[in-house]
Amino acid sequence: MSAKVAVIGDQDTIVGFRLAGIKETYEVGSAEEAAKNLKSLFQRKDINIIVITERIAEQLRKMIDDFEAKKEEVVPIIVEIPDKKGPMRREVTPLQKLVKRAIGIEIILGERGREE
Amino acid sequence: MAELIEGVNPTRMELLKLKERVKLARKGHKLLKEKRDALVMELFDVIEEARGIRGNVERLLREAFEHLIIAESVMGVLTTQEAAMSVEESVGVDFANKNIMGVLVPLIEAQREKKTVIERGYELRETSAKLDEATDKFEDSIEPILKLAEIETSVKLLAEEIEKTKRRVNALEYIVIPRLENTTKYIEMRLDEMERENFFRLKRIKSILAAREVTEAPA
Numbered sequence: 001m002s003a004k005v006a007v008i009g010d011q012d013t014i015v016g017f018r019l020a021g022i023k024e025t026y027e028v029g030s031a032e033e034a035a036k037n038l039k040s041l042f043q044r045k046d047i048n049i050i051v052i053t054e055r056i057a058e059q060l061r062k063m064i065d066d067f068e069a070k071k072e073e074v075v076p077i078i079v080e081i082p083d084k085k086g087p088m089r090r091e092v093t094p095l096q097k098l099v100k101r102a103i104g105i106e107i108i109l110g111e112r113g114r115e116e
Numbered sequence: 117m118a119e120l121i122e123g124v125n126p127t128r129m130e131l132l133k134l135k136e137r138v139k140l141a142r143k144g145h146k147l148l149k150e151k152r153d154a155l156v157m158e159l160f161d162v163i164e165e166a167r168g169i170r171g172n173v174e175r176l177l178r179e180a181f182e183h184l185i186i187a188e189s190v191m192g193v194l195t196t197q198e199a200a201m202s203v204e205e206s207v208g209v210d211f212a213n214k215n216i217m218g219v220l221v222p223l224i225e226a227q228r229e230k231k232t233v234i235e236r237g238y239e240l241r242e243t244s245a246k247l248d249e250a251t252d253k254f255e256d257s258i259e260p261i262l263k264l265a266e267i268e269t270s271v272k273l274l275a276e277e278i279e280k281t282k283r284r285v286n287a288l289e290y291i292v293i294p295r296l297e298n299t300t301k302y303i304e305m306r307l308d309e310m311e312r313e314n315f316f317r318l319k320r321i322k323s324i325l326a327a328r329e330v331t332e333a334p335a
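Here the protein sequences line up with chains A and B, keeping their order. Counting in the numbering used here, the first sequence runs from 1 upward without gaps. Counting in the numbering used here, the second sequence runs from 117 upward without gaps.
I should point out that these hints are in silico values taken from the structure, not numbers from a laboratory. Misleading hints may appear alongside valid ones.
What the hints assert, rightly or not - Here are the simulated EDC-like cross-link-like pairs (lysine to aspartate or glutamate), alpha carbons at most 20 Å apart as the crow flies:
id	chain 1	residue 1	chain 2	residue 2
1	B	Lys263	B	Glu164
2	A	Lys70	B	Glu279
3	A	Lys84	B	Asp248
4	B	Lys246	A	Asp83
5	B	Lys231	B	Asp252
6	A	Lys23	B	Asp248
7	B	Lys319	B	Glu329
8	A	Lys4	B	Glu259
9	B	Lys272	A	Glu73
10	A	Lys23	B	Asp210
11	B	Lys246	B	Glu182
12	A	Lys39	A	Glu27
13	B	Lys272	A	Asp65
14	B	Lys280	A	Glu68
What the hints assert, rightly or not - Stretch-level coverage of chain B by chain A, calculated; a stretch enters the list once three of its residues show a Cβ under 8 Å from a Cβ in chain A:
id	region
15	176-187
16	200-209
17	246-256
18	270-279
Glycine residues also receive a C-beta, built at the ideal position from the N, C-alpha and C atoms.
Make a model of the complete structure from these sequences and hints.
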């Protein structure tokens with residue numbers, strides 16, 4: 001089964017992914033707008049991957065966490081990507097927190113040679 | 117800490133049953149521990165794979181945005197948006213599952229026809245070559261983004277499974293097994309005690325009977 005990818009982001013992100021051939025794009029200006037769009041995307045069965053910019057995801061962290069905890073299937077998968085201002089510097093990503101809780105050591109995903 | 121199981125009768129039957137349960141619990145504990153260790157190994161493998169993918173996505177997107185911003189400044193934001201609107205939908209994903217120690221992790225495959233510049237659908241006469249480059253970069257970044265989705269989901273699922281397994285291992289190790297062992301011990305001691313009581317009772321009766329015989333014999 002082939003499924004679709006959706007993008008939620010600021011104007012430039014949307015333009016970029018539209019150029020690359022993704023039609024399900026939602027340009028959002030505010031956190032409320034993003035929340036509304038995200039909620040409707042959660043209902044859609046044909047969308048399996050939701051790409052969202054980190055800055056917007058950070059504002060909706062609670063909603064995303066709740067959804068991730070509740071969903072029974074693997075999909076839709078939410079992927080966070082940097083926007084045009086570049087990647088956000090965060091102390092710990094949600095994923096790192098999870099890994100740390102699971103195996104008790106901290107692992108830095110991403111750059112090489114920085115793990116502890 | 118390790119208490120007894122409530123309401124067990126100190127009988128031999130009960131003791132045999134408990135011994136079976138201890139054996140089973142130990143076996144389960146061993147298996148779960150092995151599962152946990154194997155999962156941790158798998159997690160490390162996936163993390164090893166993930167290393168660099170996020171960095172790669174970040175780098176690709178940075179380049180893509182640079183090109184896009186230049187394209188916007190050359191052609192104007194409106195023309196760029198217009199061009200973006202006229203691109204046909206061409207990205208889909210295929211899902212498959214991979215089984216890692218009973219954890220189903222997704223395998224995501226991007227379905228994407230590689231299009232030439234002409235096939236993209238926007239008007240070439242009105243757009244700058246910078247737009248083509250930006251589009252190239254964004255197209256290139258889609259696959260790594262999907263890969264990122266796959267890997268991060270795998271890490272998440274594995275980590276959750278490890279946590280669950282860890283909790284079970286600990287529950288068996290620190291609660292279930294000690295409790296079963298304590299109860300077996302209690303029953304064993306109780307049975308021994310009953311045996312001693314019985315032994316003493318027999319001795320006592322024997323001596324009473326012997327005494328009675330002595331007093332009754334002369335008569």
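Okay, the hints, checked on the actual structure:
1. At most 20 Å may separate the alpha-carbon atoms for a hinted pair to count; Lys263(B) and Glu164(B) meet this at roughly 14 Å.
2. With a CA separation close to 17 Å, the supplied pair Lys70(A) and Glu279(B) stays within the 20 Å bound.
3. For a cut-off of 20 Å, the pair hint linking Lys84(A) to Asp248(B) stands: about 18 Å separates their Cα positions.
4. A C-alpha spacing of about 19 Å is found between Lys246(B) and Asp83(A), which places the hinted pair at or below 20 Å, so the restraint holds.
5. At roughly 10 Å between alpha-carbon atoms, Lys231(B) and Asp252(B) fall within 20 Å of each other, so this suggested pair holds.
6. Taking the CA atoms of Lys23(A) and Asp248(B), the gap is about 18 Å. The hint holds against a cut of 20 Å.
7. Using a Cα cut-off of 20 Å, the hinted pair Lys319(B) and Glu329(B) holds, with the two alpha carbons roughly 15 Å apart.
8. Restraint check for Lys4(A) and Glu259(B): satisfied, since their Cα atoms lie roughly 13 Å apart, inside the 20 Å limit.
9. The hinted pair formed by Lys272(B) and Glu73(A) meets the criterion: a straight-line CA distance of about 13 Å does not exceed 20 Å.
10. The straight-line distance between the Cα atoms of Lys23(A) and Asp210(B) is roughly 17 Å, inside the 20 Å bound, and the hint therefore holds.
11. Simply put, Lys246(B) and Glu182(B) have alpha-carbon atoms about 10 Å apart, close enough for the 20 Å limit, and the pair holds.
12. Using a Cα cut-off of 20 Å, the hinted pair Lys39(A) and Glu27(A) holds, with the two alpha carbons roughly 14 Å apart.
13. The straight-line distance between the Cα atoms of Lys272(B) and Asp65(A) is roughly 12 Å, inside the 20 Å bound, and the hint therefore holds.
14. The hinted pair formed by Lys280(B) and Glu68(A) meets the criterion: a straight-line CA distance of about 17 Å does not exceed 20 Å.
15. Figure legend: the region 176-187 of chain B, annotated as covered by chain A; annotation consistent (6 residues with Cβ-Cβ distances under 8 Å, at least 3 required).
16. With 9 residues bearing a CB less than 8 Å from a CB of chain A, the region 200-209 of chain B meets the requirement of three and the coverage assertion stands.
17. Proximity of the region 246-256 of chain B to chain A, defined as three or more residues with a beta carbon under 8 Å from a beta carbon of that chain, is established by the 5 residues found.
18. With a cut-off of 8 Å between beta carbons, the region 270-279 of chain B has 8 residues touching chain A; three or more are needed, and the interface restraint holds.
Of the numbered hints listed earlier, not one is contradicted by the structure.
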